[in-house]
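2 protein chains.
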Amino acid sequence: MTTGICRPEEIRDWQREVDVIVVGLGAAGAAAALEASATGAETLVLECASGGGGTSAMSGGTIYLGGGTALQKACGFEDSTQAMFDYLMASVGDALNEEKVRLYCEGSCDHYDWLVEQGVPFNPVFYPDSGDAPTSDGLVWSGSEQSYPYCEIAAPAPRGHVPACEGLSGSLLMQKLCAAVDASPAEVATDHRCVELVQEPDGSVVGVIATKFGERRAIRARRGIVITTGGFILDDRMLDQHMPFVKGVHLRVAANGDDGSGIRLGMAAGASTLHMDKASISLPVTEPWGLKRGILVNAQGQRFVNEDAYYGDLGEAALVHNDGHAWLIVDDVIFEQPEYPPREVSAVGETPIELERGLGLPEGSLESTLALYNRHAEDKRDPVFHKAEQYVQPIVTPPFGAFDCNVESSLYGAFTLGGLETDVDGRILDPEGNVIPGLHGAGRATAGLSTGGYASGLSLGDGTFFGRRAGRTAATRKPG
Amino acid sequence: MTTGICRPEEIRDWQREVDVIVVGLGAAGAAAALEASATGAETLVLECASGGGGTSAMSGGTIYLGGGTALQKACGFEDSTQAMFDYLMASVGDALNEEKVRLYCEGSCDHYDWLVEQGVPFNPVFYPDSGDAPTSDGLVWSGSEQSYPYCEIAAPAPRGHVPACEGLSGSLLMQKLCAAVDASPAEVATDHRCVELVQEPDGSVVGVIATKFGERRAIRARRGIVITTGGFILDDRMLDQHMPFVKGVHLRVAANGDDGSGIRLGMAAGASTLHMDKASISLPVTEPWGLKRGILVNAQGQRFVNEDAYYGDLGEAALVHNDGHAWLIVDDVIFEQPEYPPREVSAVGETPIELERGLGLPEGSLESTLALYNRHAEDKRDPVFHKAEQYVQPIVTPPFGAFDCNVESSLYGAFTLGGLETDVDGRILDPEGNVIPGLHGAGRATAGLSTGGYASGLSLGDGTFFGRRAGRTAATRKPG
Chain X
6 MTTGICRPEE IRDWQREVDV IVVGLGAAGA AAALEASATG AETLVLECAS
56 GGGGTSAMSG GTIYLGGGTA LQKACGFEDS TQAMFDYLMA SVGDALNEEK
106 VRLYCEGSCD HYDWLVEQGV PFNPVFYPDS GDAPTSDGLV WSGSEQSYPY
156 CEIAAPAPRG HVPACEGLSG SLLMQKLCAA VDASPAEVAT DHRCVELVQE
206 PDGSVVGVIA TKFGERRAIR ARRGIVITTG GFILDDRMLD QHMPFVKGVH
256 LRVAANGDDG SGIRLGMAAG ASTLHMDKAS ISLPVTEPWG LKRGILVNAQ
306 GQRFVNEDAY YGDLGEAALV HNDGHAWLIV DDVIFEQPEY PPREVSAVGE
356 TPIELERGLG LPEGSLESTL ALYNRHAEDK RDPVFHKAEQ YVQPIVTPPF
406 GAFDCNVESS LYGAFTLGGL ETDVDGRILD PEGNVIPGLH GAGRATAGLS
456 TGGYASGLSL GDGTFFGRRA GRTAATRKPG
Chain A
6 MTTGICRPEE IRDWQREVDV IVVGLGAAGA AAALEASATG AETLVLECAS
56 GGGGTSAMSG GTIYLGGGTA LQKACGFEDS TQAMFDYLMA SVGDALNEEK
106 VRLYCEGSCD HYDWLVEQGV PFNPVFYPDS GDAPTSDGLV WSGSEQSYPY
156 CEIAAPAPRG HVPACEGLSG SLLMQKLCAA VDASPAEVAT DHRCVELVQE
206 PDGSVVGVIA TKFGERRAIR ARRGIVITTG GFILDDRMLD QHMPFVKGVH
256 LRVAANGDDG SGIRLGMAAG ASTLHMDKAS ISLPVTEPWG LKRGILVNAQ
306 GQRFVNEDAY YGDLGEAALV HNDGHAWLIV DDVIFEQPEY PPREVSAVGE
356 TPIELERGLG LPEGSLESTL ALYNRHAEDK RDPVFHKAEQ YVQPIVTPPF
406 GAFDCNVESS LYGAFTLGGL ETDVDGRILD PEGNVIPGLH GAGRATAGLS
456 TGGYASGLSL GDGTFFGRRA GRTAATRKPG
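If you read the protein sequences in the order shown, they are chains X and A.
Counting from 6, one number per residue, gives the positions in the first sequence under this note's numbering.
Counting from 6, one number per residue, gives the positions in the second sequence under this note's numbering.
A hint or two may mislead.
Repeated chains share a single entry, so a pair holds when one copy, or any two copies, can fit it.
Claimed, not checked - Subject to a maximum C-alpha distance of 20 Å in a straight line, what follows is the list of computed SDA-like cross-link-like pairs (lysine to any residue):
#1 K385 x P367
#2 K252 x M94
#3 K252 x A95
#4 K78 x I16
#5 K385 x G369
#6 K252 x A100
#7 K181 x V440
#8 K252 x G457
#9 K385 x V401
#10 K252 x E292
#11 K78 x C11
#12 K181 x D118
#13 K217 x H255
#14 K181 x G56
#15 K181 x I358
#16 K483 x R225
#17 K252 x E341
#18 K181 x A43
No lab work stands behind these hints: they were computed from the structure.
Chain X with its partners taken away, still in its complex shape (with noise of 0.2 Å):
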């Protein structure tokens, strides 16, 4: 058989029956099992770790919500559902994912109202100079939106929701839904990993083994199986086969979960996979965001992005089309040392030419970039990459200095986005996009909003609001 799946009548006798089994414990997994919970379905939880929380946990915990959520409102903010969903379309959606996109924009605010109602709390304050609020501020700037082109396409309005603490908020997130779960009616077993997929001949999944300390357990789903274990940046073979350019980042944001095991075992199922090259590559050279007055400039010593675009539309400008080969060019008025992530400086020099020199750029390249840009600069335009025109100043006044960007050397962040290609009710497809009975999945596991490009909170964001749909649909589903 192929790895990973098993037949039926292999199986002597099941250990366990119940009507719907969710693989994983993080966000995506949790709102599975209290949705399919909620329904009076007998669920039942899988986590291969010795708790739940996995790379939630350990995430900033930003969740991309708006339309006009209370929490965006409470902090004065306008938004829509249509604004939501131009934003998302142009950034991250494209003509396959267009129905995710839309019922995610329409449900935003029930979902923000879910979340507070699984007891997630959010401060009604906004934080204005980062997308990653070091405060215990609730909402934050987490994309794009008020940078070109996306400005000129969208009312932008900030969606980032953070849990209120201070620091990186998942863990709060994760504590608060692991506590929800554990006061819903679904079981959780901690220290089961999911090994194979059980599948009839006709290719309906009824069920998983686990090992739990290397016992095998055969656990039978009456009604459905939720695949939601993450996605696969600790996985060297798969980042091989898919994009080992993301192999040389230094921060793989992941739990030990994250090793692409549920997404092989629907491959092995004959799923469809999605955007298996894409990851979210974030670049946080411009926090605070003084430091977007700067331009970066590649190995040409050419701009190559508006800097004050989205931390991870840089890292995907400087990894993906760059080759990670990247500095962030300042004068002395912009300098600043940020306090995280610490930025080593590459060169200084008195004049542009000495810079590129110490940078080892070609003779010429920075000092014609640099002109360039202080010519519309002094006007405070920026024809060129339309950077917004509170960030366009003259970079005039030695000493000039060089923010090290590239991969080899400095903090890109990386996680992947591709996965198991779902509907919209979570159903896990076949290559030939019919419904795999009985597999359903959410999370980085599948392919979610994001088919490149991405905005903070967009994770967490699709795995609790389409993980529900999923919970939802395998627990309504008629029994095998």
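Please arrange chain A on chain X, whose structure you already have, making use of the hints.
What follows is chain A alone, placed relative to chain X:
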């Protein structure tokens, strides 16, 4: 059952039983059939069209071979297996396919002799002026061997081996290979579309369901099946899934068969896929090669590639990394209208600024780019992109002109490079890297030598080379 798969028990009676079934009669299928039947295995080729040839017959016919082939020697060129290996690893290889690249380079001379034995004629004449010989000359430069950085990595040699006929040589190649198949013991069944694989519960693939004019025929393979059905450039859904950016390309290099059906059949059987997001993207704007003296600029008026690179590198740089917005800037000295493909002139100007305005480029951008380029060109240098000296000359003689290289209005050619994952012997692998018994593949239905990046002739090259290996592997497999 997952679409595309059926179980042996569903089959009342097998209409036919052979040792090896080859699905598709392009270059890879012909090579697989020739090798399988040469071992004495009873071999049946199923072709969905009414005759053999496939996309191979519509191609330029160039086959990428080297290491000192008889043709290279006859044309007076030195080459080595190591130089070919170093070039391919630097341009299209990675950790995952290093062994395939090594085997290909080591077997390249013998493979050339084999092609000659099959009746494929080559004229021992080198054609120096472009990558596509309009004559019947047999040897051309078909990659970026002479361009930076490759010229510094490996000793360059022309490796494009072109069957002897004027114009596109693919039809001649396939006439000869199909004639060789007809003269072999292998049998060809045309108008047979393979619609399902027959898979045992243990995962092994033992036959196919083919339809002929709507009638279903079950055909059993005692030893193995070889999928050589081509890529998926004609399947819009798969393009939406994996490379929507290619849908805007006018020329999809493909015969009707390149609909991804064979890739989807393999996936349905639990196969892994690789590089589904990668395509060969040609921008043949620097033919004749005198046009390499121009400079390619993007929507920011910046250069982005050394213009003397292979036109596939130009196409990838323009479409994948610069959104398909590009122009080739020339002056009155460099300007010449290519015979094929015809190229529109987007704008003309007496000065760089006038041309810049005509193209709607950011104010001062093209002027600045030309100033830096010309400054170095005075010394025959290009320190920014390292274009070869013979193509570097100041662009200073009015009028200045811009050839349209925008994807929506000019000619790009594209075909897909991703597909089923195979081992070096053509066995198709599952997501865990294990063999799916009985299932083999070659050609563009599989991921081949290129993991991104390309050189003309790699697909006919790896399709025939690994097609032969797949045919041999299937034919010598223990009967199921």
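The hints, checked one at a time:
1. K385 x P367: Cα proximity of K385 and P367: across copies only (15 Å, versus 27 Å in one copy).
2. K252 x M94: between (29 Å within a copy, 18 Å between copies)
3. K252 x A95: between (28 Å within a copy, 17 Å between copies)
4. K78 x I16: Answer is neither; intra-copy 55 Å and inter-copy 63 Å both fail.
5. K385 x G369: between (24 Å within a copy, 15 Å between copies)
6. K252 x A100: Between copies, since 12 Å is at most 20 Å while 30 Å is not.
7. K181 x V440: neither (33 Å within a copy, 44 Å between copies)
8. K252 x G457: both (18 Å within a copy, 16 Å between copies)
9. K385 x V401: So K385 and V401 pass the 20 Å test inside one copy only (14 Å; across, 31 Å).
10. K252 x E292: Close neither inside one copy (24 Å) nor across copies (37 Å); limit 20 Å.
11. K78 x C11: Neither way: K78 and C11 sit 51 Å apart in one copy and 55 Å across, limit 20 Å.
12. K181 x D118: Intra 14 Å, inter 69 Å, cutoff 20 Å: intra-copy only.
13. K217 x H255: neither (32 Å within a copy, 55 Å between copies)
14. K181 x G56: Within one copy only: 13 Å inside, 64 Å across.
15. K181 x I358: neither (55 Å within a copy, 61 Å between copies)
16. K483 x R225: For K483 and R225, the Cα distance is within 20 Å only inside one copy (14 Å; across copies 36 Å).
17. K252 x E341: neither (30 Å within a copy, 44 Å between copies)
18. K181 x A43: This pair counts as within: shortest intra-copy Cα distance 17 Å, inter-copy 67 Å.
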